[in-house]
Structure formats: structure tokens, C-alpha cells
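Engineer: Protein chains in written order, with this note's numbering: chain A, 107 to 586; chain B, 107 to 586; chain C, 107 to 586; chain D, 107 to 586.
Derived from the structure by calculation, the hints contain no laboratory data. A quick note: this is a predicted structure, and the numbers were derived from the prediction, not measured. Among the hints, a few may not be true.
Same chains, same names: a pair is fine if it fits in one copy or spans any two.
[Stated by the list, open to error] DSS-like, lysine-lysine: derived pairs with alpha carbons at most 27 Å apart:
1. K236 with K213
2. K213 with K399
3. K183 with K213
4. K183 with K360
5. K428 with K449
6. K349 with K360
7. K443 with K579
8. K399 with K272
9. K428 with K349
10. K428 with K162
11. K272 with K449
12. K183 with K162
13. K398 with K443
14. K443 with K272
15. K236 with K428
16. K352 with K272
17. K352 with K183
Number of protein chains: 4
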Amino acid sequence: MEDSRLISTQEISQHNSPEDCWLVIDDGVWDCTSFINDHPGGPALILRYAGRDATKEYSEIHTPSTVRNSLSPECFKGNLDRSTIDSTWLQSPTPSNPAQAVPDGEKPPLHTVINLYDFEDISRRTSSPKTYAFTSTASTDCWTRDQNIAMLRRIWFRPRVLRDVKAVDPASEILGVRTRMPVFICPTGLTKMMHPGAEKAMGRAAEGEGIAQIISTNSSFPAEEILNEAPGVPLMFQLYVNKERKKTEELLAKLNTLNVRAIFLTVDAAGRGKRESDERLRVDEVNPVTGKKGGGLTKIAGSAFDQGVTWDDIKWIRSLTKLPLILKGIMTASDAKLAMEHKVDGVMLSNHGGRNLDFTPPSILILLEMHRQCPEIFDQMEVYIDGGFRRGVDILKALCLGAKAVGLGRPFLFALNYGEEGVRKAVDILREEMESAMKLLGITDLSQVHPGLVNTSDVDHLVPSTLDHPYAKWRPKARL
Amino acid sequence: MEDSRLISTQEISQHNSPEDCWLVIDDGVWDCTSFINDHPGGPALILRYAGRDATKEYSEIHTPSTVRNSLSPECFKGNLDRSTIDSTWLQSPTPSNPAQAVPDGEKPPLHTVINLYDFEDISRRTSSPKTYAFTSTASTDCWTRDQNIAMLRRIWFRPRVLRDVKAVDPASEILGVRTRMPVFICPTGLTKMMHPGAEKAMGRAAEGEGIAQIISTNSSFPAEEILNEAPGVPLMFQLYVNKERKKTEELLAKLNTLNVRAIFLTVDAAGRGKRESDERLRVDEVNPVTGKKGGGLTKIAGSAFDQGVTWDDIKWIRSLTKLPLILKGIMTASDAKLAMEHKVDGVMLSNHGGRNLDFTPPSILILLEMHRQCPEIFDQMEVYIDGGFRRGVDILKALCLGAKAVGLGRPFLFALNYGEEGVRKAVDILREEMESAMKLLGITDLSQVHPGLVNTSDVDHLVPSTLDHPYAKWRPKARL
Amino acid sequence: MEDSRLISTQEISQHNSPEDCWLVIDDGVWDCTSFINDHPGGPALILRYAGRDATKEYSEIHTPSTVRNSLSPECFKGNLDRSTIDSTWLQSPTPSNPAQAVPDGEKPPLHTVINLYDFEDISRRTSSPKTYAFTSTASTDCWTRDQNIAMLRRIWFRPRVLRDVKAVDPASEILGVRTRMPVFICPTGLTKMMHPGAEKAMGRAAEGEGIAQIISTNSSFPAEEILNEAPGVPLMFQLYVNKERKKTEELLAKLNTLNVRAIFLTVDAAGRGKRESDERLRVDEVNPVTGKKGGGLTKIAGSAFDQGVTWDDIKWIRSLTKLPLILKGIMTASDAKLAMEHKVDGVMLSNHGGRNLDFTPPSILILLEMHRQCPEIFDQMEVYIDGGFRRGVDILKALCLGAKAVGLGRPFLFALNYGEEGVRKAVDILREEMESAMKLLGITDLSQVHPGLVNTSDVDHLVPSTLDHPYAKWRPKARL
Amino acid sequence: MEDSRLISTQEISQHNSPEDCWLVIDDGVWDCTSFINDHPGGPALILRYAGRDATKEYSEIHTPSTVRNSLSPECFKGNLDRSTIDSTWLQSPTPSNPAQAVPDGEKPPLHTVINLYDFEDISRRTSSPKTYAFTSTASTDCWTRDQNIAMLRRIWFRPRVLRDVKAVDPASEILGVRTRMPVFICPTGLTKMMHPGAEKAMGRAAEGEGIAQIISTNSSFPAEEILNEAPGVPLMFQLYVNKERKKTEELLAKLNTLNVRAIFLTVDAAGRGKRESDERLRVDEVNPVTGKKGGGLTKIAGSAFDQGVTWDDIKWIRSLTKLPLILKGIMTASDAKLAMEHKVDGVMLSNHGGRNLDFTPPSILILLEMHRQCPEIFDQMEVYIDGGFRRGVDILKALCLGAKAVGLGRPFLFALNYGEEGVRKAVDILREEMESAMKLLGITDLSQVHPGLVNTSDVDHLVPSTLDHPYAKWRPKARL
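So that you can see chain A by itself, here it is in the shape it has in the complex (with noise of 0.2 Å):
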């Protein structure tokens, strides 16, 4: 490369683009515009020294010859001419820093997040302690919100290789709408604590995300609103079932008339957990019936939500709405078939998130249950599942076993402490996660999911495989 022509670096600095970009190495200057996207590195590492002297990172990492044999010849572009050195070209570029430290009670920047486990802790940091207690408590010890995660982590892949995973795409359906990737947002309560926009900007997150969303009947914002933000998102409705049953009435013929796509209906909330946390920051509270102050949130709690309601209402809620009738916080196989019996249209195994009753059973293990003792489920409705769910590897694992969608609560409601773009990027963290994983485990869409894909066996002897209790035979005679 003796002969070749000596370029100034006003003329390099010029090259500085993803769409033209030179580097020099070793005072060789490379048009590495063709490699930016090859770069074991990645593309970013290349950028910052585009049109620039790269050198000195290049020689921390590569030897002389790497770039001769990552590149064709004609990318060589001549020599650094050494006498138009300057100050301008000896300034460093933009050092790469990591994450700035954020003062406390601020929130960093969200480009810095890089996983839904970010948003929790941030939230934890920043958000006022009645709304984070309130977001992140579960019922009594909190087990089963723990074991939710715990659980997840004891079953693992089976991954295969040599397959041809060049495109992989997540796209699903959820009762027939088609979805960019099988995630729904969790009803959830009180949500405007977090974040004004509440439902709305989850409502347009999820829209230009392509997932669903299902709000709460105690939504902060009605449906008509968050339809009228977010017009596309697939919308559905979670409903617990008002004691003066007429206002039931009323609100679901109101759903009728919106695009509404269908309804869940709760049946794991016959009664309020308790939940410490945040009964703690409450206890300075006058409890009404008793005048005196202290605990009993669980007992008092006023409902307007009626405890009575049974498998025999299912008709009647049939009678008022066409909608797909999904029944909401299924935990035992027993009541999947149940359901099943009573013809709804889909199943949501869940344990309301921890937050009802403490040792209902970790979800995924429902959906494993369900594998025991009634798998002809899987083919006659849809099941769907929260409970946990943080990682694309979860959401996949959750599929093999014959989920059709997962949803997911509180990561969504950290997430919305930035806003809908919080709501957005936890979405693409979790497509990006998903897609990643796919590839590695040897599939390219979701018609490939199957259990052989996943290993279960350090949970296996948790599932009960009868509806009784697998010894004891005895049964109570009355006992009152």
C-alpha cells in the first residue's frame, strides 16, 4: 500500500455517515461502509469514528490484519496524509460513557433501561411509596407473587440447531385478531397513580406496538375514552360483576356498542387479599365501622363487586353480550374443565398476580396441570396466562406449553411511569428478547411451539396429576 494516495483528513472527516463511512487504521484509510452492518462489534462501535482515526480502539481488539481480511481490496482508499493534521482532527469523538449516575428520586433516561426488571426498580426509586406499595404488594407472605417468577426459572429449554432461522417473526392471534407478538396488557387498578395518561397511554402503546389491551372495570379512564385515543388497539374488557347486577347490565350493553373485543370475566377475586404492604401506610386510617383506627382493609374494604356470583351466571352473562366470554384467574385443572363444560371461549390462568389468595399455585404450573389431566383443552378453546412474566424466554416457555397469549401487569405499569413511551419500549424489549430466543431455540414462527421444546422436569413433581389430594383419602364427614 506504499504507492498508494495520501488523503487528507478534511477529506476523511467528509466520509462520516452510516451511508458513507471511512475509517482510518494504522494510517490506512477504509471505506468500511459495506462492513457497518457485519461487524461482530455491532454497527455503533464503527459510527463513532466514522470518518475519523480509529486506531486506538481498533488495536485494543483487532490484529493489523483483520481489516485487509474483513474487507475487499477496493475499500482501501489510500494513506493519511500526516501533514494535514490539525486540532480538529486530534479531538476525541464523543466518548462512549456509560449510564450517568441520576440524582436520586430522578429517573434516568429511558434509552438506558434494557429490561422490564429496570422499570421495576426505577419505579421503586422514584415513584411515591403509596403507589409503588400499592403496584408491587401481593397478599400476606407473597408467595405465590414470588413463586410466579421462581417457578418460570425452573423450567428450561431444549433448544435445537442447524435450523434455518434467518427470519423469525412472533406475529400471533388472540381470539381471532392478529397481534405482532401473543402480549396482552393486564387490567389493572388505580393505574393514573403511576401516570396521568393511565389506560390512554397504554391504550396508544399497545396500538402502536400491536398488542392487546385489556382494561379493568375500575379503570381510570372508561373504554369509550381509551377507544377513542387509541382506536386500533385490540381492546378487551375485564368485568367484575357489580352487586346490583342492572348497573352489569348497563355497562355491558354500553360494551356492546364499542369496539370492544371481548370480556374477561374475574372469578378469582370472591373476597380481598390482604396485602401489607400496603396496609402498612394505612394503618393511621379511621376505619368507619368501628371508629377506631388500624388494619382490617381486608375485611373492610367496601366491594361493589358481588362474592355470589357462580358457574350458573355464565348464562346470564351470555344473554347480554355476544362478545368471546374468557374466564379470568382459573387455577386448577378441575375448573379449566369446568369451563370447558360451560362452553366460554377461553380460560386466563391466574392467580390475580399474588394479590388474592397467598399459595394459590404459581401460574405455570396450572398451565402444567392442565397438561396432566385435561390437554384436550388446548384444542376446544384458547388459554391465555399471567403471572411472572418478565422475560421473552418466559413469555416462550409459557407458549410451548400451549399458551396462546401472555399477559402481563405490574411490568406494564412501571413501564408506565414514563408514559406510553415507557409502555413502548417495554413491548420492544420484549419483542427483542422473544425474537432472540426463537432463533436460538431453532424456530422462526409460533406454529412451532411445542412442550418438547422446554424441560420441566424440576418442577414436574409439583403438579398434582387427580383432582383429589393424591393419598389422603379421607374426606370430612359434616363437621359443624
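Model the placement of chains B, C and D on the given structure of chain A, informed by the hints.
Structural biologist: Leaving out everything else, chains B, C and D in the frame of chain A:
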């Protein structure tokens, strides 16, 4: 609502009670009286603003339409007359502060206690070191004490949904005596160290809350004094046989004249456990046998109690009293079967709170062992249990597995730190936890419990299915 | 009692001994002599107030009627003559202080030690770093050392109740030699580092307490000197075969002339474990082979011992001595069977305290493996065990599973930090723990132990039932 | 010895070498030359006192008779002539200090490193943050990375005793190439970040120590330069197929001309894992696709490598080279069987160090899965493994279970922090650990390993015995 009448702050302020409760929201005046108990966030939050302006807190959580959708139109009373706003109106309502930090060594107000662990924590911080050591201690490595709790946490629920659970009642019977909850206070020694009221305060609490009480042969007050204080308490008596059998005969003769309901003969204390946190506080005491300081409490702690009581002595006790006889401290299915053969009225599965022999089985596993080896017993006599119970859910698990009632020792002792009121609070917490859990489990009274409502898969492998060791065929010949 | 006589403080003060003990309670004077040993709280608490006023401490714990109910009427001596109270009377008795904090690096008084863990803790704080490192160290990751203890904790009792356990005795025999407890001191090297008395002090302690002692080929003192000091100790000898076999022949010839009871041939040390906490203290020593500093103790630590000893050599050793021969360091049922075929007198299940090969099986599991694979051995030869034993309950578990006696190495070495008295104290603690546990387990002598008294369910799945790997059918062809 | 001759300090001082080593003990002068290597405490301790007075350290450990019993009488040379003691004599020998504390950020001397964990610890403290992050990172929650190590620890030995293990040799063959130990250096990217010598230094170390080396397609130096430096190293090549297949053809053509022994085709990297500790350091880099900062390295990290390589491409690779072909990254027995059907020369069980898909099976479990499902493979092709190996015992476990050789990646990279000498030290440590473990396991060469020498009971339940999920019968119909 523009043509509604204007209402003065003076008028609004008068509607400030649970019976008559107006709120101002966004300048609208609403009569919320009918809604107070339906408020999903609980009535207290509404009552804090009774007769006041709630706009600020309302807006943090709700959208403007919520109030219109939740209340009927006639609840709208008009608009706030802003010209009547004065300094009184502008005063904030009493803020809802989280419980104040309490100075070191002082008990926090009782109303801030929300579960039974709180009582232990407060005792650790506020009782004298020797009181706390004596109460919390257990034998050697405290394995059994800690596993009593841990094993309960390894048993889960299998809750059923869509049952009518509007009305729930945990009432039960113990030996034919009706109680409001299947719970009793276990006998404890040195009770007075915790509180001068000792068993008297406990008896009044048990009477008031409708649960049973067992007192120790070593109780701080004799049975007759407790019954004087709390004549309605279902009182039972824990018996140690005295080395001088005549004393036991006299004791039973006296009990026969009192309103005592049963005798619980302790069978797991034919020796004294080595309780190290207690022993460590006493190493400087001079051992009167050796004349030296240190150690050996286990051996030297004199005992008036007969270590030679055997199955044959049951006949003798039966000859002394007609009261029901329960064996307290059964730790194997084999001994439960012997108890049945000896026709006692019940057994109490107990390892003495782990205070005697460390590595005795966690109580709940003994219950499971009975299901494996002798399920017929549950229909022939009453089975009680104690050891590690701290939560309503714990109690419910044992009931599902066949226990007729559950005892708590240390937790009520720690609650006694607050006297009678503390013990009542403890019972109240347990009842609230039980009622909430029953609803969420899908049952309304205790005749509905059965083993199929719990999942014991995580501990089933720990439960012996035979009297002998399952694969160790060897039995020693005489070895001396 | 109003008409009782008044007694002066001077008179009361004279009844201040275990043989004649008066107490003042609420102005009543009581002769408690007959009750001292029956006091549930132990005699020391009474004796502290002998001849004094005990009202204050009594009232904290007892109700006024307790003393009347516990003592016969003739024990009441009269009332305190309050006019005789003077400054002497008002002085407090010596307070019962908890053990004083001890200055850094100083050993606390021996009487404050209450279990064998205390000895280790004290050695860690007061021995020289190299002494503690050498004693506590084990091979590489110390898995086996730690699991020796952990696996013992995973075995539980199945205690039986209502047995007459007034008199309990842990006496046993080892190879026909009567001992007061089935416990022996294991051989250790560099014993003198811990205390100059070394094996002499241990021998005196073993003699005094009636247990056996095994000394190492590497003992700090030769067998004859130890036997001079402690002629009554049941002394056994741990043998390493010397590379120069003649030296071993001379050694055995000498032992044949002494009152040595058995030879324990070590078979698990055909190499040296890599003991890192020890090695780390010596990295600056120059390796004389390489002339460099650092590492490699495992390889370079010269050994006089023959790494080529095989099963065939047992015949040779038998030709040199008539003493019983035990193989120390058996770690599989397969080798136990070979030992039986070679007609040795016993095996000692041991992994050298985890000091040689890490990930060798925890000792107690080897005992279980023998029950699975060769239970007949227990009737044909004596089986000993060491590794992880720290408590009376540990020893009892091994005895239930067929061990004839249990060895402890490190714990006695840590106790030797206090010389002979420390070792005696350690034995005393173990005996007290064993006696307490035997009573509570429902047995009175060691002929009554059997596997049905323990529950090994938590570890059974870890015990191989075959010589070969249970499902790995492959065996390599020659691989080189 | 009283009539022995007196020897001056000047004379004694001259016997101060391994070949001629005198010591003074209690005024006696002993020639210890013949005993140096037999000293149970190692030769270094003796040599430190060669030609000097060792009484003080000797007495701390030994009794006066030890030296007489250990040495033959002719080793006694006489008594110290105390009149010749001078200041030179009284100087202490160089003290044996434990390794000095090293200033923050500086590497401690290499001779203080005693195991492979030390190298990682030192790199964490002394490498640049990005070097350490890149090297230590793994995918998302790092479960697989950590479980690679944890599962190895759950496999134990079943050692056999009384075998002749005087001579032990861990030599082996890899693909017919003799190596001194069945260990190879795994391929790594960005190797130069750790040390400028990169693969050249590793190659020299591998050559010197007699192990194999695999270099990456992304190696810092090309194969020919490494072979120039270390012509004797058994060099193997890890292949990523380039998107432009022609480049791969050229690469293999070049390799065919070099002394490369095998091609390891990576099959577990058809996507890029999300490595968060790495990603977190780069969140401020601008994503050239989106033009925004943050995240998404997983997706945007361009790759020159073909994600569409399938089983059919094996034929194509075979057409380009005659070198043995091994598939690196097999994670199921099913794919191992496919590999055998495609007649490759071997498989390497690997999950890419947990860097690609989290929750892939820990490597050692894949080996066990092959025993369950396809043990015949072990006799038909060579099976290698990497992932979590840090100790000689780890390697030995894998060999017992059928692995022909074991690879280490991160540990050698951390050792490279010290250049060639560091890598040699790492190999030396592993060899010493293996030799020690082989002796203690009762084997002398690697033809003697077999599965019966390990106990895998603690993990057996985690190993799938079927291709499909064992009880989930459901397989999805097409789901889109």
C-alpha cells in the same frame, strides 16, 4: 350540570358523617353516602373527605367521569359556591400518615400491628432479654422450630372459583364445645414474665373472641382464678404427671370440680430440651450439684414431673376424671394408632414448639403421615395440631388435612405483651385472615374443607409410609 | 398465716445452703430445701436466694398461690419480722450476669462454652491463623466437609412417647472395650500446634470421661508416652504404611508390646488433598523442586507413606499383629463388601473430614448406601463413622442407622484449645445432649436404637442402590 | 548423645542446600537430607531452616522424640557448640509471610494464584470494566452460566480405595492427537482486549503444557500467525459460516494448507444472546438504524454470519475440507443423534457459556441426557464438553460420564490477564488437581474412568428420558 344550584361550603361541611356524607369533586357536590361501602378503595378514603373538597386526591386516581358512572344522578346535589370558600374550608383534612417511628424499646400503638409476626418482632425489641429468650428459644439448632413454619409454607392451595361465598363463617366445635374459630391458645410456662395478667388476660381474650384456652400445669394462675375472671372461656388443662402421683390425684380431683372441659396429657416432655439462647443467659449461675458455674441446665434443671409415665398409666388417669383425655405431643402415626387403641378422646400432634427434641418432625408432616398410615383415625377421634402456625392460611391448610382445631403458643404469648387487648387483636387478625382465605378458596364454612383443596406435592416425599425405615432392613441384635 | 411466729432476718440468713434453704416470699418464710431439685426453673434460681428475700423475682413469674400449692404446709416457717430488716438484708444477691464480653483474641472462660460449635468459633478467634487454617481446612471447595454436616441435618427423628425413660445410659462397647459413650477421638496431625499437651491431654480427657482415643501415625507424642499419661484410655492406632515397609513392621512390633486395642489402617489418603486455606498461607514458600515460590503443595508435599497399598497387603499386616484391624476411609458399599471379604474386623466410614478428595460422599450417606446394598455387614463386623458430627443428636442418628461408634476429629481439636479440661467439657456436652435426646426419643439404652427411629426421606434419593451408575450403561473401551 | 562431638555454627551453616541439609533441634545437629521429601509437612518447611536452628518451629509441632524416630541414628551428627553462636547465627531465616496485600487495581504476583477462581477474581479487580464485562457476561439472567457450575457441584464421586496409585497420568488423545491432559482452550472473541498476546500467548502456553487449542473465526490473530509462534500446538478451528459462503470456502481452503487438526462448526449461535452487563456499558451508543441511543444490541449487532445454516450444509463443508468435523453447541440428545446420522466426527456439548440463550441446559446434564437416550454414541464418535469447568474434579466428572475432553473458555481468558505464563499456570493447576483427584479416586490413567465412579442422584430427575415432553401429550396444530 350547569344549571344546578350553588351550595355553600358551610352547608357542605355539615354532611360529614358515615350516615350523611357529601364530597366536592371538580366543583360538583355529590352525596356519597350510599356508595361509601362500595368504594373499591375502602370507605375510609371517602370518609376522610366527608363534607370537604376531595378533588386533589380523587384526580390522582380517577378520571372525571368515574363519579358520574358510579353514582346515580340524584346523588348530584349541585355545584360548589366558590364565593363561600374561606380559611376553614381550605384547611387540609387530617393527613393520612404512615405509622410514626416509635422510640427504641417502646411498643408501637396496637393498631399498627397487622399480623402475628409483628407481635414477635415487637417483643424482640421491647421485652426483657430473658423474657424474649425464654419465649423464642427452642432445642439446640432450632431446626424443628423453624421447619414447623417452613413446611407449612411448602403446602399450597388448590382454590375453586365461581362459588357463592357472600357469607363465610369459620365457626367450629372442639370436643363438642362451640367456638367462633377452630383455634386455641396453647399452654405456656412462665407466662407472667410477659405480662402480669398472664393466663387471666388470655382467658378474658379467649372468652371475648370465642376461642378455647389450654392452661399449663405450670400456669402462673391456677384454673379457678382464670375461670373467675373469664367464666365463659372453654378452658382445658394441660397435665404433667407429678413424680408424687398423689399430687396429680389431688390436682385432678380439684379440676373435676371446675368448669374445665378436657385434660391434655403432655407425652413429649419425658426429658428437657437443651434450649441454648436461654442457657446462654444463665451460664454464670452456679450449678448446685457441682458447685461450679456453667452449662448443664438440660441435665440439672430439676423436674417435679414423672419421666416414667407409660401407656399403662392412661387407665389410672381415666380412673381419676371423667373429662375427655387428649394426648399432647404425638409425633408418629404409630403412636397415634396406639392412642386410638387406648381409646383416648383425641391426639394433639405437637413437637412442643421444637423446644424439646430437635429434629422431631415438623407438625404438619405428622398430619400427612397419619393420612398415609392411618386415615381411619380422623373419623374416630379429634386430631389437633400446633407448631408454626402464624397465619389464617396456615390454619386452613391443617383443617383441609383433617385437623379439628389448631393451637398457637408463642404468637399468643408475644401478643400478651399488650395484655388482653393484644391477644384479642391476634385472634381478630387470624379470623380476618381465615375469612378472606375461605372466600378465595371457594368455601363458606368448615364442613367444606377436604384434602383436595391443598397441594402437598412439595413435601410428600418427606412423609414415611411405613412404621419402619423403608429400606433399612437391619435391626440390631442386643448391642451391649 | 396471721398467727404464725415472726422470724428475724438474722435467723433466716443462716438457712442459706442447698441442705437448708429458706426463702422469703411476700413476707412469708418458706423452707424450700425439699423442693430445690423439683423447681421447674432449676435449682440455681432458688439457691441464689437461699436465706434471703426472693419476692421480687418470684412475683415476676409466679402467682402468690404457687408457693402454697408447691410446698407442703409444714414448709411454712412463719412471717418475716420486718423490724429486723437492716442494710445487710437489703443488699442484693450477686446478680446473674450473662457471660461478659471477652477482649479480642482472648479465650472466654470455659464454663461459658455450651456446645461444640462454640469451641470452633473460639479457635477461629484465638488460635494462630496457621493453626486455625490447618485445622479447619478441607479440600478445594470444601463441599464434602460442609455436606458432612448438612446431610446429618437432613435426617430427622421419629420419636416414640409414653415409654419409661427415668433412667438412661449411653454406655456402649467398641471392639469389646466398654466405653461410657460410643464416641472416640479421631486421629489428627500437628496436634501440638493447638496445645502443647496434644494427644497426652486428649488421652487424659478420654480416660477421665470413659471414651476411646485413636492416635495418628503422625501424632505429636508416641503411643507409649500417651499410655504413660493415661494408662486407662482405650487407645487405638491409626496406621499409614511407610514407603519403607520395614519401618511399618518395626512400628507394629512396638505397638504389639503396648496396651493398644486396635489398628485403624487409613485407606483414603493415597494422595494428598488440595487444602486451599492452608495453601494460601504458604504461597511464599520456595518450592525446592522448582526453585520457585508458590502453589503446588498438593503435589510437592512429600510423603513418607506408601501410595501403593492394596487389598493384598491386608494379609501382610495381619502377619505383623494380632490386634483387631479396621479400615478407615471406606466410602462405598462396594469397598465395605470387599472389606468383609478380606475379613477385617471393622470399617470406618470416613472421607477424611473432606480434607482429601472433595465431592466424596458425605459420611452419613455411606451408611445409608450400606443399608441399600449390603445390610448383612452390620451383623458381621463393627461399623464406625466420622465426618460432621457436632451434636448428641448427630451421634444418635448414626447409631440408629447401625454405626457402632462415632468419631470426632476437628471438634475435639478445637476443644483442645483449652487443654484437657476443654476436651472433657466437649465430651460432657455430648453426653448431656445424648442423654436428653435418648429420653425424648423414647429409649433408655443403646440396644434399643434401630432405623425405624429416623426419617431419611429427605436424602434417600441421593443414595445409590447399585454398584454401577443406575442408568449410564456405557463403559469405556480402552481410551488411550 | 552426651559424648557426641560439638559442631560449630560455622560448620553447620554450610550444610544449607537440598543436597546437603543439616538442622539444629534442641542443640542436636541432624542431617535431614534423606528425609526432606518424606516430611509430612512438605520439604519447604525443612529447607527454610537448612543450616540453621529449627528448634522453635519444630517444638510447636513435634515432640522431642519425633526426630529420633524419623531419622536413622547415623543422621545425628553431634551437638551444637553453643560457644560459636554469633550474631549471624541468631538472625532469623526469611520469614514465611502470607501473600502481601496488593494495591487496588494491581495484579498480585502470579505465584499467589492457587486456583482458577483466583484468575477471575483478579480480572474483576484489575481488567478494564469493558474487558471484564465482555468476558464475564452471559445472556439475560445468567441462569445457564451459573448453573453450568452449580450442576457440576451436584455430581459426586464414588471413590475406590486400596488401589495402587503410586504412578498417575492424565494423558489422553483428542481426535488421535496425543495431549498431556484431556483439556483444550475454547475459542473466544476479542481475546486481545485481555492481553495483546491473545491467541499467540495462549498457543505458546498450550504447546508448552501439551494441551489443545481451538481458535475462533473471530480470533485476534489468524491461524497461520499462531502456528508460527507455536508450531507444536494441536490447533483446531472454530468456524462460523459467513453469509457470503464464498468467504467460508476461501477460509477453509487456507486452513487446509495449515497444520490445523479439526474444524469445530458452531451450531448454537444462530442469533445473538442478550448480554446485559455488556449492554449496560453501551447504552449511550447511538443505534445507527434508529438514530437513537440505547439498547437493542441483541438485535442490531450486525453479524457477518449465516443464520440459515442447516444439517444439509454439512455435506457442503465436507466437500471443502478433509479435516475432522465437530459440531459445537449440541444441547439435546436428539441433535446428538442427528449429528451421528450425519456422520460428523464428534460433537461438543456446549451452551456457549450461557452467552446465547439463557435457560439452555447446563452442559453436564446434556451428557447425562445422552446416557439416557443414546449411549451408543459414545462408542461411535468423540464427545467433548465445555461450560462451567473450573477444577480438576469437574473435568474428571465429565470424563467418567463419557466426555473425551473438556474445554475451558473464560478461565483461560482470565488467566491470559498474565499472558502466556498465566495460561500455563492455569493448566498446571488443573493438572495438579486432576492428578491428586485421580489418586484419591483410585485410578491411575484415564482408561479407568467409568460412570460407576460418580453419583448423579442429585440431578438425575432433571434429565429428560424422552425426546418429547414426558407428560404433555398435546402438540399444537398450526397456530396462525
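Engineer: With identical chains, the pair K399 and K272 could be close in the same copy or across copies; at 27 Å between alpha carbons, which is it: within, between, both, or neither?
Structural biologist: between (63 Å within a copy, 26 Å between copies)
Engineer: What label fits K428 with K349 when the C-alpha limit is 27 Å: within, between, both, or neither?
Structural biologist: within (22 Å within a copy, 52 Å between copies)
Engineer: Reference check for the pair K398 and K443, CA-CA at most 27 Å: within, between, both, or neither?
Structural biologist: neither (45 Å within a copy, 49 Å between copies)
Engineer: At 27 Å max between alpha carbons, let me know whether K272 reaches K449 within a copy, between copies, both or neither.
Structural biologist: between (41 Å within a copy, 25 Å between copies)
Engineer: Reference check for the pair K443 and K272, CA-CA at most 27 Å: within, between, both, or neither?
Structural biologist: between (40 Å within a copy, 24 Å between copies)
Engineer: Tell me, please, which holds for K443 and K579 at an alpha-carbon limit of 27 Å: within, between, both or neither?
Structural biologist: both (23 Å within a copy, 17 Å between copies)
Engineer: At most 27 Å between C-alpha atoms: does K236 with K213 qualify within a copy, between copies, both, or neither?
Structural biologist: both (17 Å within a copy, 25 Å between copies)
Engineer: Could you place K236 and K428 in one of the four classes (within, between, both, neither) given a Cα distance threshold of 27 Å?
Structural biologist: neither (39 Å within a copy, 58 Å between copies)
Engineer: Since the copies are identical, ignore which copy is meant and state whether K183 and K213 lie within 27 Å (CA to CA) inside a copy, between copies, both or neither.
Structural biologist: Neither way: K183 and K213 sit 46 Å apart in one copy and 42 Å across, limit 27 Å.
Engineer: Using 27 Å as the alpha-carbon threshold, which applies to K428 and K449: within, between, both, or neither?
Structural biologist: Within one copy only: 13 Å inside a chain, 59 Å across chains, cut-off 27 Å.
Engineer: When no copy is named, should K349 and K360 be tagged within, between, both, or neither for a Cα gap of at most 27 Å?
Structural biologist: So K349 and K360 pass the 27 Å test inside one copy only (18 Å; across, 56 Å).
Engineer: When no copy is specified for K428 and K162, does a C-alpha distance of 27 Å or less occur within a copy, between copies, both, or neither?
Structural biologist: neither (68 Å within a copy, 39 Å between copies)
Figure legend: structure checked against the earlier numbered hints; hints not met, in rising order: 3, 10, 13, 15.
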